[in-house]
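Work the whole structure out from these sequences, hints included.
Protein chains in written order, with full-length UniProt numbering: chain D, 1 to 346; chain Z, 1 to 346; chain U, 1 to 350; chain H, 1 to 350.
Read the hints as simulated data drawn from the structure, not as lab findings.
All C-beta atoms in this analysis are idealised placements derived from N, C-alpha and C, irrespective of residue type, glycine included.
Please note that the accuracy of each hint is not assured.
[Stated by the list, open to error] Computed list of chain Z residues with no C-beta within reach of chain H, every gap over 10 Å:
1) Leu40
2) Glu42
3) Val55
4) Arg61
5) Glu247
6) Ser250
7) Tyr303
8) Asp304
9) Ser324
10) Ala328
[Said to hold, decoys possible] In silico SDA-like links for lysine to any residue, alpha-carbon gap of 20 Å or less:
11) Lys335/Z - Ser323/U
12) Lys265/H - Val55/D
13) Lys335/Z - His300/D
14) Lys335/D - Glu247/D
15) Lys335/Z - Gly322/U
16) Lys335/D - Gly322/H
17) Lys323/Z - Gln42/U
18) Lys323/D - Leu49/H
19) Lys272/H - Val256/H
20) Lys335/Z - Glu247/Z
21) Lys186/U - Pro264/U
22) Lys323/D - Pro316/H
23) Lys335/D - Glu299/Z
24) Lys186/U - Val55/Z
25) Lys265/H - Ala194/H
26) Lys323/Z - Glu325/U
27) Lys265/H - Ala255/H
28) Lys323/Z - Gly43/U
29) Lys335/D - Glu325/H
[Unchecked claim] Which stretches of chain H does chain D cover? Using the computed rule of at least three CB atoms under 8 Å from a CB of chain D, they are:
30) 102-112
31) 159-165
32) 187-200
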Amino acid sequence: MADDHRSAGWFDTDDAPPVGPIAGDTTYLEAIRAALEDELAEDDRVVLIGEDIGVMGGAFRVTEGLWQRFGDDRVIDTPISEIAITGSCIGMAISGMRPIAEFQFADFISCAYDQLVNEAAKLYFRFGCPVPIVMRAPAGGGVGAGPFHSQSPEAVFAHCPGLKVVCPGSVQDAYDLLRLAVADPNPVLYFEHKALYRALRGPLRRGRPDGALETARIVRPGTDLTLVSYSATLSKALEAAQRLEAEDVSVEVVDLRCVSPIDFPTIAESVRRTTRCIVAHEDTRTLGIGAEIASWLAEHCFYDLDAPVMRVTSPDTPIPAAKSLEQAFLPSAEKIAAAVRECIVQ
Amino acid sequence: MADDHRSAGWFDTDDAPPVGPIAGDTTYLEAIRAALEDELAEDDRVVLIGEDIGVMGGAFRVTEGLWQRFGDDRVIDTPISEIAITGSCIGMAISGMRPIAEFQFADFISCAYDQLVNEAAKLYFRFGCPVPIVMRAPAGGGVGAGPFHSQSPEAVFAHCPGLKVVCPGSVQDAYDLLRLAVADPNPVLYFEHKALYRALRGPLRRGRPDGALETARIVRPGTDLTLVSYSATLSKALEAAQRLEAEDVSVEVVDLRCVSPIDFPTIAESVRRTTRCIVAHEDTRTLGIGAEIASWLAEHCFYDLDAPVMRVTSPDTPIPAAKSLEQAFLPSAEKIAAAVRECIVQ
Amino acid sequence: MTAAKQKPRAATNTDVDLGLSLLHWMDLSRAIEDRLHVMKRQGRLPGRLVSGRGQEAIPVGATLALEAHDIVCPLHRDLGANLVKGITPTEFLCSYLWKTGHPSQGRDSDVHIGDLRRGIYPMISHLPDSWPVALGFGMASTRLGLDRVTLAFCGDGATSTGAWHETLNMSAVFRTPNVWVIENNKYAYSTPLAKQYAITSLADRAAAYGMPGVEVDGNDAIAVHETVRQAVDRARGGGGPTLIEAHTMRIEGHAVHDDASYVPKELIAEWKARDPIDALRGRLLAAGVEAERLEAIAADNKAAVGAAVAAAEAAPQPEPSGSEEQEVYAPPSAGDWVLPPAKDAGGARP
Amino acid sequence: MTAAKQKPRAATNTDVDLGLSLLHWMDLSRAIEDRLHVMKRQGRLPGRLVSGRGQEAIPVGATLALEAHDIVCPLHRDLGANLVKGITPTEFLCSYLWKTGHPSQGRDSDVHIGDLRRGIYPMISHLPDSWPVALGFGMASTRLGLDRVTLAFCGDGATSTGAWHETLNMSAVFRTPNVWVIENNKYAYSTPLAKQYAITSLADRAAAYGMPGVEVDGNDAIAVHETVRQAVDRARGGGGPTLIEAHTMRIEGHAVHDDASYVPKELIAEWKARDPIDALRGRLLAAGVEAERLEAIAADNKAAVGAAVAAAEAAPQPEPSGSEEQEVYAPPSAGDWVLPPAKDAGGARP
Ligand SMILES: Cc1ncc(C[n+]2csc(CCOP(=O)(O)OP(=O)(O)O)c2C)c(N)n1
Ligand SMILES: Cc1ncc(C[n+]2csc(CCOP(=O)(O)OP(=O)(O)O)c2C)c(N)n1
Ligand SMILES: [Mg+2]
Ligand SMILES: [Mg+2]
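Here's what the structure looks like:
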């Protein structure tokens with residue numbers, strides 16, 4: 001991350017060149033915008049709602065240009081009212097619309113916690129009424145944004161039956177998971193990682209994606225150990241796997257994609273082959289997503305495992321602001337590689 | 001639970017006789033009240049704050065008589081404002097007071113989620129300023145109170161570094177853990193189980209308790225399997241252990257008491273002896289407290305375990321209202337016993 | 001937009017048909033709740049029991065001002081709103097008795113009832129969490145041109161919450177077709193108004209948002225009806241939301257377990273004397289309606305409640321499906337939820 | 001309790017000492033923030049950069065009305081409040097530069113600064129989450145007889161949140177010794193007032209809670225100071241809280257990355273012409289203060305900022321302790337937090 005004072009968001013997210021037209025070489029951020037654009041263009045029922053997403057295009061410029069193209073009725077700026085934003089999405093969804101809300105930072109979803117877990121999550125189970133809302137939120141650290149602009153709230157919501165939670169870790173998934181979320185009849189929280197916005201680039205295939213929302217994917221085959229990760233940590237996991245190849249360790253990397261519900265069959269199939277597993281994520285350790293995966297494996301793959309399932313996560317502290325502290329806090333390719341080395345000798 | 005229309009709370013919590021003076025035979029509810037009374041009497045800095053805790057003595061009558069004895073300044077009724085109640089506790093605590101808040105039901109703590117995880121939990125780490133608040137909340141199901149009066153929110157807060165979370169499962173702990181919580185310089189969430197209020201009885205020793213807040217306790221020694229539980233499920237675990245004794249299965253029961261931070265040394269010591277472990281709790285399975293314990297054991301006691309760590313929990317659904325559904329939803333002594341039988345043959 | 005606080009308005013006429021309709025639903029609501037109290041004493045009712053006794057004029061008077069395709073968001077004292085919008089006495093009894101035979105099939109219970117297909121959003125306990133959702137119904141109506149008005153109720157106590165504030169402010173900003181009704185029954189559980197807020201009128205808060213604020217005698221069904229009808233008309237006409245404060249009194253405990261000993265006896269006596277059903281009966285008699293017609297309403301309702309109790313008691317308990325975890329998420333095939341048809345699709349007034 | 005909205009009040013006199021003090025802190029605040037902007041362009045500053053440029057009269061004018069044992073809760077445009085209450089320029093620079101040498105030692109950064117020992121509650125990002133905490137300071141003051149007033153700031157945008165509403169209502173109910181200041185700078189990030197609320201004055205909302213509401217020209221440091229001083233006096237005297245709306249304008253982007261192209265140029269030009277520092281200088285000159293004295297203030301501040309930058313750049317980065325997980329909870333031995341001593345313990349005005 002550079003200290004370029006003209007970067008396109010409240011926090012610098014990258015030192016990449018300015019955003020260009022969408023092409024073979026697309027950023028994660030552009031892929032999100034493309035999904036929003038395609039949804040707005042193809043489906044009249046879709047609206048975007050949030051703070052500063054209109055004329056300004058959002059704090060990170062994700063919605064840039066969409067208000068200009070689709071107007072006030074489809075791209076709705078609101079007061080700073082996370083409760084009302086969330087509740088109104090529920091009402092609009094039940095009325096036949098497909099609202100996609102943006103929280104300015106994932107940290108602020110804490111203010112809407114009650115509406116999400118009590119209104120949105122439970123209505124279908126109680127009364128059979130689907131609540132097709134999508135709540136987008138820039139999550140994660142790595143940009144020196146401190147304890148209140150860097151949180152990873154996915155596990156809190158993954159604990160709540162009735163909510164789905166996706167955390168794209170690739171450019172294509174930034175697009176696909178968003179479109180699948182809109183198509184899903186349930187409330188879906190979509191945590192986009194702000195450190196990937198301009199740092200992650202790749203080709204993008206636009207168009208309605210096939211497949212289900214809640215599927216994990218083997219993104220790198222391997223034989224010695226299964227490394228499960230998602231979101232920004234996925235890139236670090238892939239980097240660790242790359243490095244370990246040089247050491248003749250063959251790591252299979254599974255991208256979880258959807259952290260609730262979790263696609264256990266895909267993970268289990270891999271772990272039964274490799275007999276070892278590490279889960280790596282940026283959220284803190286205690287009761288992070290890794291806890292559910294490790295305990296599920298410990299129960300269901302007990303006799304397949306040759307070593308304990310390990311977790312590489314942030315420590316159980318708030319996220320420190322200073323880069324020197326944040327680097328030590330976050331999982332890294334090196335920390336993941338070290339854990340793999342430790343695990344395979346057991 | 002009876003259908004006695006004169007029971008002392010919004011929901012019937014028991015068919016026990018009316019509350020009498022505190023004696024050798026004390027209810028869980030009376031133990032909580034005794035702790036509040038002793039704190040108010042011994043420490044001028046302590047105040048109670050919440051909705052309807054004054055003249056009415058709270059929805060469950062936990063604070064009955066305290067307003068009459070200690071007055072408006074020590075027992076503070078508020079408007080329905082969970083955010084302001086929580087924030088004001090933080091401000092009072094920093095000012096040298098020892099506020100104990102009551103949420104009318106633990107379910108409503110969702111409205112205060114933001115203040116708890118962002119203001120209260122992080123201030124000490126950021127600025128070294130302790131936040132000695134206690135947030136009491138009647139949690140749990142079993143009284144037919146439905147999806148919004150029966151929740152078990154402990155895991156959500158246990159995931160947040162900086163908060164401590166206790167869940168007393170005995171009469172003595174209802175008293176001791178509350179007093180230890182008040183003495184603790186950190187924010188402590190105290191989840192009292194409403195189904196135990198009048199159902200659980202026992203002798204009570206009053207007075208400032210020894211020991212630390214975050215300690216688990218072996219409440220029934222055994223040799224074949226370690227059964228970890230807390231709160232109302234503890235009674236069911238003990239009942240299961242009792243039944244299994246007749247089948248010559250010796251179950252060691254560990255009362256977790258404090259679910260954040262978790263006392264792993266005590267659990268590990270037990271599991272290393274018994275080589276088998278089951279965690280039983282009322283909260284839903286995915287990312288419930290059991291997930292952290294099972295994954296910790298899978299990592300740290302891998303070579304000590306002769307069978308997978310199992311979890312006996314509620315299923316991943318909202319809590320249904322009708323008793324016929326709620327009974328099927330909740331963990332029971334029978335479900336726990338069945339899991340133990342399954343575990344010991346592995 | 002200017003915010004004007006309007007004077008309380010008196011009922012302007014006594015339309016006999018309207019009066020009889022109001023009486024029918026208010027009496028039915030009371031007959032059900034009174035019967036529930038008897039059942040509670042008899043040990044035939046599990047769980048809790050809350051009632052809107054003495055407040056029936058508000059949910060009934062207000063909800064009768066809606067069209068079939070409008071939505072209502074009742075809270076725990078608003079059985080009348082549920083009835084007017086189509087929840088049957090048997091369904092309600094089944095909900096209270098933890099039986100099947102009502103929309104949530106025992107997954108939720110008692111006053112947590114509703115059915116979006118009939119235009120009733122089911123409440124949750126958290127006060128007033130339906131309000132932000134009701135705001136969304138309003139926003140959707142404007143954006144989709146549904147011509148739909150959404151009416152939401154809450155108590156005096158709920159006005160102290162953050163959800164209440166965010167909702168009203170955003171409703172004013174977007175000029176949504178919502179009618180927001182506060183049932184000021186002088187207590188939030190044991191908490192009197194003086195411990196809840198430091199002003200004299202909650203309708204005055206309308207000025208803090210930029211919408212009209214109106215006070216009305218909540219025990220005068222016709223006045224409530226006319227006040228709400230005007231607000232509904234304004235909302236439907238694009239004039240934006242209205243905040244209405246209906247003054248009433250909770251003449252019983254918060255729920256059946258509560259003897260309300262913290263309420264001055266005179267206050268209860270004063271308001272019992274202003275019973276909204278008695279008042280409406282009196283007005284109808286004065287307008288020349290024969291006493292027999294009024295007796296017939298009461299008798300019919302009583303019979304209906306008796307039949308409902310029998311049906312509900314005979315209804316089966318819900319049985320666990322064993323696959324509840326698969327029923328938490330709507331399947332991919334779940335279509336759009338069926339709200340009541342838009343006005344021009346021909347919805348009739350209830 | 002009656003709620004009266006009071007007329008904006010003009011500054012009544014130009015106390016030269018007060019004026020010079022105001023100028024000193026406002027100029028220091030600006031000198032620091034201007035210097036930060038230069039450093040940002042030079043690539044010497046990591047992270048984000050927000051400033052209160054053009055709004056300095058509000059935090060400085062208001063905070064100078066406090067006693068040493070009072071508490072202030074600044075938000076992101078309130079560097080001046082931090083300075084007046086004792087945060088040094090070097091500490092502030094260290095916070096921005098992710099260094100040690102400031103209260104959070106790099107665990108938090110930039111404007112998230114404060115120190116309870118000096119009576120400054122450190123902000124978090126969530127708006128305005130310090131307000132419920134400030135309410136608690138007020139409640140404690142009354143209950144412990146601390147004679148302490150708590151002053152809290154927020155922007156126009158923060159008034160739309162639930163936390164804001166719950167706080168003000170409870171503050172009025174308990175008549176807490178709080179002064180609540182809204183810095184209405186016409187925008188919440190890109191959102192103009194018309195998209196935030198549908199009324200003309202936020203001070204009018206005071207009437208919705210039952211406390212006095214006052215509007216003041218937020219670019220007139222003396223008027224702000226006098227208005228807040230009266231509110232502080234009222235609070236200390238047991239008269240309860242006051243809501244003050246200080247009108248100003250965010251004359252730059254929301255933060256350094258934002259060119260504020262969505263703000264009409266004329267609006268910015270209009271408010272730039274009403275610069276609070278220029279205005280105060282003008283008044284001091286008109287009151288006969290020699291220009292040299294004013295130059296000296298600016299020169300001293302410039303030198304202080306230069307020294308602070310050098311000190312901060314030389315300060316070490318924080319190093320991970322490796323035992324962070326053990327530093328999340330206060331140890332059992334943690335004593336009471338040391339707030340500034342109560343008035344009669346002899347605290348001096350800053
Ligand atoms: C957010 C929230 N906090 C607390 C409660 C517990 N509670 C249930 S009813 C009630 C009193 C409600 O008072 P009011 O809004 O005036 O309605 P009333 O019962 O008087 O009709 C309270 C505090 C709740 N339901 N929701
Ligand atoms: C609860 C919450 N939601 C969203 C944000 C993101 N955010 C940061 S500053 C800001 C605008 C604040 O506007 P205002 O309160 O007027 O203060 P100003 O920046 O204009 O001084 C927003 C939306 C936040 N900090 N907190
Ligand atoms: Mg009430
Ligand atoms: Mg602003």
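Evaluation of the provided hints:
| no. | hint | result |
| --- | --- | --- |
| 1 | Leu40 | holds, 13 Å |
| 2 | Glu42 | holds, 16 Å |
| 3 | Val55 | holds, 16 Å |
| 4 | Arg61 | holds, 24 Å |
| 5 | Glu247 | holds, 42 Å |
| 6 | Ser250 | holds, 36 Å |
| 7 | Tyr303 | holds, 25 Å |
| 8 | Asp304 | holds, 24 Å |
| 9 | Ser324 | holds, 37 Å |
| 10 | Ala328 | holds, 37 Å |
| 11 | Lys335/Z - Ser323/U | holds, 17 Å |
| 12 | Lys265/H - Val55/D | holds, 16 Å |
| 13 | Lys335/Z - His300/D | holds, 19 Å |
| 14 | Lys335/D - Glu247/D | holds, 15 Å |
| 15 | Lys335/Z - Gly322/U | holds, 14 Å |
| 16 | Lys335/D - Gly322/H | holds, 14 Å |
| 17 | Lys323/Z - Gln42/U | holds, 19 Å |
| 18 | Lys323/D - Leu49/H | holds, 16 Å |
| 19 | Lys272/H - Val256/H | holds, 17 Å |
| 20 | Lys335/Z - Glu247/Z | holds, 15 Å |
| 21 | Lys186/U - Pro264/U | holds, 11 Å |
| 22 | Lys323/D - Pro316/H | holds, 13 Å |
| 23 | Lys335/D - Glu299/Z | holds, 17 Å |
| 24 | Lys186/U - Val55/Z | holds, 16 Å |
| 25 | Lys265/H - Ala194/H | holds, 18 Å |
| 26 | Lys323/Z - Glu325/U | holds, 18 Å |
| 27 | Lys265/H - Ala255/H | holds, 17 Å |
| 28 | Lys323/Z - Gly43/U | holds, 15 Å |
| 29 | Lys335/D - Glu325/H | holds, 17 Å |
| 30 | 102-112 | holds (count 7) |
| 31 | 159-165 | holds (count 4) |
| 32 | 187-200 | holds (count 7) |
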